[in-house]
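Work out the full structure: start from the sequences and follow the hints.
Here's the letter readout for the chains.
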Amino acid sequence: MNDDLTLLASAYLDGDVTADERARVETDPELAAEVERLRSVRVLLADVEPSSIAVRESLLSNALDAWDRLPIGERTGAARDATPAKRGIDPATAAAAATITAPISLADRRRATVNRRLLGAAAAIVVVLAGGLVLQSAFSGNDDSSASLSAEPDATTSAEALAESSQDARAATAAGGEVAPADAANDSGGLDTGINTPAPPTETDLEQLNTPEELGIFASDAVGAPKAPDVPAATSGTIADQLSESQAAILAVEWPLCLGADYVVGPARYGTVEVVVGVDESRTLALAYVADTCLEVARARLP
Amino acid sequence: MRRHYDRIHAVCRRIAGGSRDADDACQEALIKIVRNLPRFDGRSSFGTWAYRIATNASLDELRKRERRPKLDRDDNTIDRADDRAAQRVDHVGDRLVLDAALAELPDDLRAAVVLRDVANLDYSEIAQVLEVPVGTVKSRISRGRAALATRLRLDLDLPISPEIGNQSDPGERPTDLT
Numbered sequence: 001m002n003d004d005l006t007l008l009a010s011a012y013l014d015g016d017v018t019a020d021e022r023a024r025v026e027t028d029p030e031l032a033a034e035v036e037r038l039r040s041v042r043v044l045l046a047d048v049e050p051s052s053i054a055v056r057e058s059l060l061s062n063a064l065d066a067w068d069r070l071p072i073g074e075r076t077g078a079a080r081d082a083t084p085a086k087r088g089i090d091p092a093t094a095a096a097a098a099t100i101t102a103p104i105s106l107a108d109r110r111r112a113t114v115n116r117r118l119l120g121a122a123a124a125i126v127v128v129l130a131g132g133l134v135l136q137s138a139f140s141g142n143d144d145s146s147a148s149l150s151a152e153p154d155a156t157t158s159a160e161a162l163a164e165s166s167q168d169a170r171a172a173t174a175a176g177g178e179v180a181p182a183d184a185a186n187d188s189g190g191l192d193t194g195i196n197t198p199a200p201p202t203e204t205d206l207e208q209l210n211t212p213e214e215l216g217i218f219a220s221d222a223v224g225a226p227k228a229p230d231v232p233a234a235t236s237g238t239i240a241d242q243l244s245e246s247q248a249a250i251l252a253v254e255w256p257l258c259l260g261a262d263y264v265v266g267p268a269r270y271g272t273v274e275v276v277v278g279v280d281e282s283r284t285l286a287l288a289y290v291a292d293t294c295l296e297v298a299r300a301r302l303p
Numbered sequence: 001m002r003r004h005y006d007r008i009h010a011v012c013r014r015i016a017g018g019s020r021d022a023d024d025a026c027q028e029a030l031i032k033i034v035r036n037l038p039r040f041d042g043r044s045s046f047g048t049w050a051y052r053i054a055t056n057a058s059l060d061e062l063r064k065r066e067r068r069p070k071l072d073r074d075d076n077t078i079d080r081a082d083d084r085a086a087q088r089v090d091h092v093g094d095r096l097v098l099d100a101a102l103a104e105l106p107d108d109l110r111a112a113v114v115l116r117d118v119a120n121l122d123y124s125e126i127a128q129v130l131e132v133p134v135g136t137v138k139s140r141i142s143r144g145r146a147a148l149a150t151r152l153r154l155d156l157d158l159p160i161s162p163e164i165g166n167q168s169d170p171g172e173r174p175t176d177l178t
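If you read the protein sequences in the order shown, they are chains D and H.
Counting with our numbering, you get residues 1 to 303 for the letters of the first sequence.
Counting with our numbering, you get residues 1 to 178 for the letters of the second sequence.
Derived by calculation from the structure, the hints in this document are not laboratory data.
Check the hints yourself; a few may be wrong.
[As the list claims (entries may be wrong)] Here are the simulated EDC-like cross-link-like pairs (lysine to aspartate or glutamate), alpha carbons at most 16 Å apart as the crow flies:
#: 1; chain 1: H; residue 1: Lys32; chain 2: D; residue 2: Asp3
#: 2; chain 1: H; residue 1: Lys64; chain 2: H; residue 2: Asp41
#: 3; chain 1: H; residue 1: Lys32; chain 2: D; residue 2: Asp14
#: 4; chain 1: H; residue 1: Lys138; chain 2: D; residue 2: Asp14
#: 5; chain 1: H; residue 1: Lys64; chain 2: H; residue 2: Asp21
#: 6; chain 1: H; residue 1: Lys138; chain 2: D; residue 2: Asp3
Source: prediction; values computed, not measured.
Below you can see the structure in the form of structure tokens.
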């Protein structure tokens, strides 16, 4: 078997062949045998015996110790705050990262997560436009002014439509006409290259937690709250009041569930690290972790 | 991290070889991943980025092993003797036989094959990790697999060959005392 034929058999095994090449391999017994020979190698290689639990836990524990020894400022990803020009990366990606590290509100943080993970700048525009169209169609069937939105029965319908169409608090915020100037800047395609960097977060943006006890109390309060606590602040006084729990849950799905957390109760700041706080199914354990990486920052029992 | 641990460890195990070296490489990789996490910019997937670190850590571990003084090499020789003992009685799937076959592959072929068949990365991701063109990746994977198949004598559908089975002289073999 010469190298070219082996190369063809290997590519076939990886599904990297044209239709002609595939037909050739499948009709040539020698090539088919070579594929099987290489497939056997792959099977053998993939069968790696797992490390023992003790070794695994030891290695992971040492790695987490290294994380603990990192200066707290380094953990928050200061390097990601560099301007795109300096780093030569896609501006949309940089904008999303910058929004994460310098958000102005819970709603913006949530938007940034969606932008970074799913959409990018262009897709975000599409979502906004789609939300706007849905909103416009909702209003067009109602002669009342938009100011009556929160008081009229149709308001709930509009809010539901918005939540279902975009699953994004942005739409609900737009419905309430409460888009802040900084929001508008961010909404211009998400291409924030640093020129329109929003103001630094105020101390009141995120719940500040410093100890596991505070984490436990925060989670406990959130779990006991009458409504999902991570409904965007900008909407909490208007449409969000009329969102059902399931709709609030839809808004909350942007936060990842990590480390055994079954519910997300909201974002917070633990020390200087922005975290997501989750609780387990039995609601006895609160977990604070970094959303991007699922790295645990702290955990506590709920009081 | 926990989610990716098994594959990171598998990559280290296959590239670095023996379990002790693999554990050392895996530990080094995990610590590097954690320390560099704040600088991870998302240009590649987390897995690709982590496997790149694991691959480099494993290759570093191999180089360290090459530099170890003779005393350590004796220790490795003992490992190889163990390999042979296993080969005498086990079939070709024996992990020690596979380790030996992998150890004889050049580093560049081994890394490419492992990233494809163990880490399950596609050609372009492997090209990113190894910083070589995709065509080179395909060629390395092909040559690596073929070399392994030959070493493992998969083409003959036989157990381990006598030549890599019991290689000691008859006079050195244990005497049957029964």
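Going through the hints against the structure:
| no. | hint | result |
| --- | --- | --- |
| 1 | Lys32(H) to Asp3(D) | 38 Å, violated |
| 2 | Lys64(H) to Asp41(H) | 30 Å, violated |
| 3 | Lys32(H) to Asp14(D) | 30 Å, violated |
| 4 | Lys138(H) to Asp14(D) | 10 Å, holds |
| 5 | Lys64(H) to Asp21(H) | 10 Å, holds |
| 6 | Lys138(H) to Asp3(D) | 12 Å, holds |
Checked against the numbered hints given earlier, the structure breaks hints 1, 2, 3 and satisfies all the rest.
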